[in-house]
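Generate the whole structure from the sequences, applying the supplied hints.
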Amino acid sequence: MRINDRRFIGVFVCLLLLARIGWAGDNRQTLFQEAGQAYSSGDYAVAIEKYEGLRADGGSAALFYNLANSYAQSGQSGRAILNYERALRLEPGDSDARGNLELLRREKGLFQTEKNLQQQFVGLLGMNQWTGLAAVGFVLFWLVLLLPMTSTMKRASRYLLAGIFLLLTCAAGYGVYGQYQHWYEGVVVSPDARLRVSPFSSAASIGTIQEGRLVHPGKAHGDFFLVEDETGRSGWLESSAFEPICEE
Amino acid sequence: MEYLKTYTRKSGVGRRRGIAAVCVLFLACILWVPPLFAAVEISASLNANSFPLDRVATLTVTVSGSSSTDIQIPEVDGIQFHARGKSSQFEMINGSFSSSVVLTYLVQAYRVGKFTIPAITLNTRDGLSSTQPIRFEVTSSGTRTAISTPSQTGTASTRLRSGEADKVAFMRVTPEKKTSYSGEILPVQIKVYFRDGIKANLNSLPQLSGEGFVLQQLEREPVQTREMINNTRYSVLTWNSALSGIKEGKHTVSLELEATLLVRQQRHNARSMFNDPFFGSFFDSSYSEKQVTVASPKMELTVLGLPEKDRPADFAGAIGEFSLKTTAVPLEVEPGDPVTLTTTISGHGNFDRVQAPKLVSEDGWKTYTPSSEFLKDGSPGRGKKVFEQALVARKKDVTEVPAVSFSYFDPRAKRYETITSAPIPFTVKGIQNTTGESQSRQKEQSVQQESRSVPAPAVTEPPLKTLAPLHLGSGDMDGQITPLFNRLWFRLLGGVLLLGLTTVIVLRAKAARFAANPVLQRDQAMKHLLALREKEIAGAQIAADSRRFLALCRTAIQEQLGLLWETEAGAITLADLQRRLPENSGLITIFTAAEQSAYSGQELSAKEMQKFTTILKKELEGLV
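Sequence lines, in order, name chains S and G. Residues in the first sequence are numbered from 17 upward in steps of one, following this note's numbering. Residues in the second sequence are numbered from 16 upward in steps of one, following this note's numbering.
Honestly, the hints are just simulated from the structure, not real lab data. Please note that the accuracy of each hint is not assured.
Below, computed lysine to any residue pairings styled on SDA-like, alpha-carbon distance capped at 20 Å [unchecked claim]:
1. G/K381 x S/F127
2. G/K129 x G/R99
3. G/K626 x G/A608
4. S/K124 x G/T355
5. G/K340 x G/S420
6. S/K124 x G/R397
7. G/K410 x S/E123
Here are the computed distance ranges between Cβ atoms for each label pair [to be verified]:
8. S/A61 x G/P89: 17 to 27 Å
9. S/S256 x G/T384: 17 to 27 Å
10. G/K192 x S/P207: 38 to 48 Å
11. G/P484 x S/P207: 18 to 28 Å
12. S/Y190 x G/G332: 41 to 51 Å
13. G/L507 x S/R171: 29 to 39 Å
14. S/Y190 x G/D85: 27 to 37 Å
15. S/G91 x G/E377: 20 to 30 Å
Positions of the beta carbon are idealized from the N, C-alpha and C atoms, including for glycine.
Right under this line is the structure:
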């Protein structure tokens with residue numbers, strides 16, 4: 017009898033937990049839809065507030081994309097670009113996010129230099145796709161080499177196949193490396209950010225850095241980071257003037 | 016005696032070799048051991064404890080006893096450090112060996128005030144080693160610099176002025192002209208002469224002394240030549256630089272340079288070897304260091320103010336002689352695409368004041384902040400500045416990239432000049448670039464047609480209206496912007512895969528080793544067969560079937576010896592055993608008993624079977 021009671025209580029608690037998770041999911045979806053309605057009616061500030069509220073519990077490519085659209089419409093190009101970049105980190109193949117990002121960059125005069133062949137190759141897939149491909153290639157390479165020899169597979173075919181998988185692993189590894197170079201970049205979100213010669217507010221300014229510019233942060237000192245932007249300019253930038261794409 | 020001579024010769028050779036070995040070891044110890052165990056020290060010094068805003072000071076960081084120079088120069092508000100080089104020095108004085116690395120930085124200040132360079136630390140094997148903080152003051156421009164002399168003892172400071180009869184070193188500064196305008200680049204040649212045979216080390220670059228002018232940053236490496244003056248040969252260091260007047264009026268300026276001269280000193284020794292000048296100079300001379308300041312004669316230069324009359328509105332301070340060239344690419348674009356307008360201003364003058372030329376008309380264009388790049392052209396003040404500016408046509412009927420204009424002051428003609436480029440013909444795709452009234456009418460028509468056929472062209476509507484719409488589904492809200500290889504599950508999976516892979520590789524290696532080793536294979540087969548037979552023998556023993564027991568014992572002996580001797584097991588006879596095994600081998604006893612049982616039907620008791628089993632097991636296991 018006691019055992020049955022315990023089982024009953026256990027099942028009840030599980031059901032409660034499931035209901036709670038389901039309710040939370042429904043609640044998020046409701047908030048997401050409300051934010052979308054606010055956007056449609058042109059109330060971008062409310063849309064941003066609701067989307068940002070949802071971000072506190074996690075994020076999805078769709079959420080970052082919608083948030084980016086809201087920021088773009090409200091004139092905050094830096095935060096818009098930041099969130100498009102975040103959406104693309106989660107879903108590199110999202111053509112909407114890519115298209116909107118390009119449009120916004122063009123509109124704000126943030127032209128990027130033409131990519132060379134290597135950069136185009138690295139940009140074919142996202143970091144995680146390249147990582148997965150490298151892992152699969154690596155496993156297949158060893159599988160082909162270690163599986164027992166069968167009469168249907170000759171030695172030459174085995175080595176050819178292994179070579180192909182090794183090549184795939186190396187190419188994907190290069191893709192991972194290339195993507196990793198840009199993984200920890202940040203986006204300038206302040207409209208009047210200035211690069212300075214040393215990490216102090218009173219230091220001389222090298223020049224302004226446009227909102228929405230991608231920067232690669234290096235060493236830090238106090239509230240400043242030594243950054244290099246896409247055009248190769250480097251200087252000290254206040255940490256509040258930019259936000260990292262990857263919030264790790 | 017012969018033996019003794021040989022011994023002596025041999026021992027002499029041996030001794031010489033021994034001495035040589037000891038010398039090599041000694042040298043190795045001298046060269047390598049002291050640096051390994053020498054105490055690591057770091058020190059820093061600034062060549063000036065006070066310097067004006069328009070000058071720089073030199074910070075020297077010396078790391079002794081270590082080749083590591085992994086130091087971090089601390090950040091100081093209002094100060095910037097420019098690394099200027101690194102040099103290594105190895106010294107052996109009186110058998111004491113030392114090595115040091117000297118790092119040099121230029122210290123540039125951005126404001127007046129008192130500053131402190133905090134302690135510079137170096138990680139050593141004994142812990143952290145750090146310098147003392149350095150305090151210094153930056154004064155307003157034009158204040159006299161207090162140069163600190165690094166060595167106070169054993170050296171004398173001599174001031175050499177041009178005009179002295181026996182000049183060891185002197186400086187000549189030749190400006191292109193004596194009168195210039197405020198902000199104008201005044202090319203100047205600086206030559207420092209050292210009499211041939213004098214060894215000199217430069218402690219600083221030539222620095223300007225006097226008010227009203229600033230000296231452009233000099234090249235670190237001057238041009239080195241030799242010149243004959245009044246039948247005396249000089250080594251000459253030449254810098255081509257420029258002065259720039261910053262204050263109107265007449266100014267007296269000169270240039271100075273700090274150097275260390277190595278001066279040979281003669282010892283007047285009564286016991287000089289052979290009284291020969293060669294030996295005298297070879298043995299009886301030594302060098303002493305002499306810190307000197309080489310200064311140029313003072314010169315009077317005049318700085319004029321720029322005239323107010325006819326000053327163009329877009330004049331930004333450029334003084335010199337310039338030309339303007341513009342290009343634009345692409346000349347045919349899709350609506351909304353940018354055009355890059357490249358403007359090149361070349362010539363000579365103060366390029367730091369040359370700003371991006373203005374568009375004569377921005378009507379119909381959206382413009383972006385231009386980027387600029389200065390390309391030097393050898394001599395100071397000569398080169399070209401290239402501006403790149405992105406432009407986007409706002410209107411569809413734009414047919415040309417607008418002209419740009421640039422104003423400057425020509426000091427030779429003593430007047431302001433404005434140069435204007437020609438507009439560049441340009442086409443937005445789908446629009447015909449035509450001229451004339453009838454053509455313009457056609458153009459208007461074509462624009463209207465275009466407007467009808469394209470419902471929302473990018474150039475006529477705000478681009479943000481064309482943003483792709485929102486995504487309706489929220490998607491998986493647990494998405495993390497984390498690299499796959501930083502995720503726990505991926506690492507665990509990778510770990511398991513690697514473990515499995517390692518296991519498979521080890522097993523495969525073991526199998527390959529087994530396949531390549533016949534002894535291992537034989538031992539394995541013997542163990543396997545023995546285990547099988549032992550089981551059968553035990554069965555026969557339990558069943559008290561002594562005939563079968565003995566037959567199985569004989570088979571086991573034949574199988575094991577067959578594998579060991581690499582012969583057919585069935586062909587092994589008692590005679591083979593007696594011939595190849597020791598006389599007292601238990602196997603011969605068992606084999607004999609088995610033979611007798613087969614031919615005479617001899618039976619064994621349980622005790623005997625147990626005894627045979629023990630012997631058989633022991634003997635056969637001993638074979639493997």
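Going through the hints against the structure:
Straight-line distance between C-alpha atoms of G/K381 and S/F127 comes to about 14 Å, which keeps the hinted pair within the 20 Å bound. Distance hint between G/K129 and G/R99 is unfulfilled; the C-alpha atoms sit about 23 Å from each other, more than 20 Å. With a CA separation close to 13 Å, the supplied pair G/K626 and G/A608 stays within the 20 Å bound. Distance restraint check for S/K124 and G/T355: the Cα-Cα separation of roughly 15 Å lies within the 20 Å cut-off, and the hinted pair is therefore satisfied.
A threshold of 20 Å between alpha carbons decides the hint, and for G/K340 with G/S420 the separation of about 10 Å falls inside it, so the pair holds. Taking the CA atoms of S/K124 and G/R397, the gap is about 35 Å. The hint is violated against a cut of 20 Å. Proximity of G/K410 to S/E123 is assessed by CA-CA distance (about 15 Å); at most 20 Å being required, the pair is judged to hold. Against the hinted window of 17 to 27 Å, the Cβ-Cβ separation of S/A61 and G/P89 comes to about 44 Å, which falls outside the hint.
At roughly 22 Å, the beta carbons of S/S256 and G/T384 sit within the given window of 17 to 27 Å. Here the CB-CB span from G/K192 to S/P207 is close to 47 Å, well matched to the stated 38 to 48 Å. Checked against the hint of 18 to 28 Å, the pair G/P484 and S/P207 passes, with Cβ atoms roughly 27 Å apart. Distance hint check: the CB atoms of S/Y190 and G/G332 are about 49 Å apart, consistent with the given range 41 to 51 Å.
Checked against the hint of 29 to 39 Å, the C-beta distance between G/L507 and S/R171 comes to roughly 35 Å, which is consistent with it. Under the hint 27 to 37 Å, the C-beta atoms of S/Y190 and G/D85, about 30 Å apart, fit the expected range. Hint check: S/G91 to G/E377, Cβ distance near 22 Å, so the stated range 20 to 30 Å holds.
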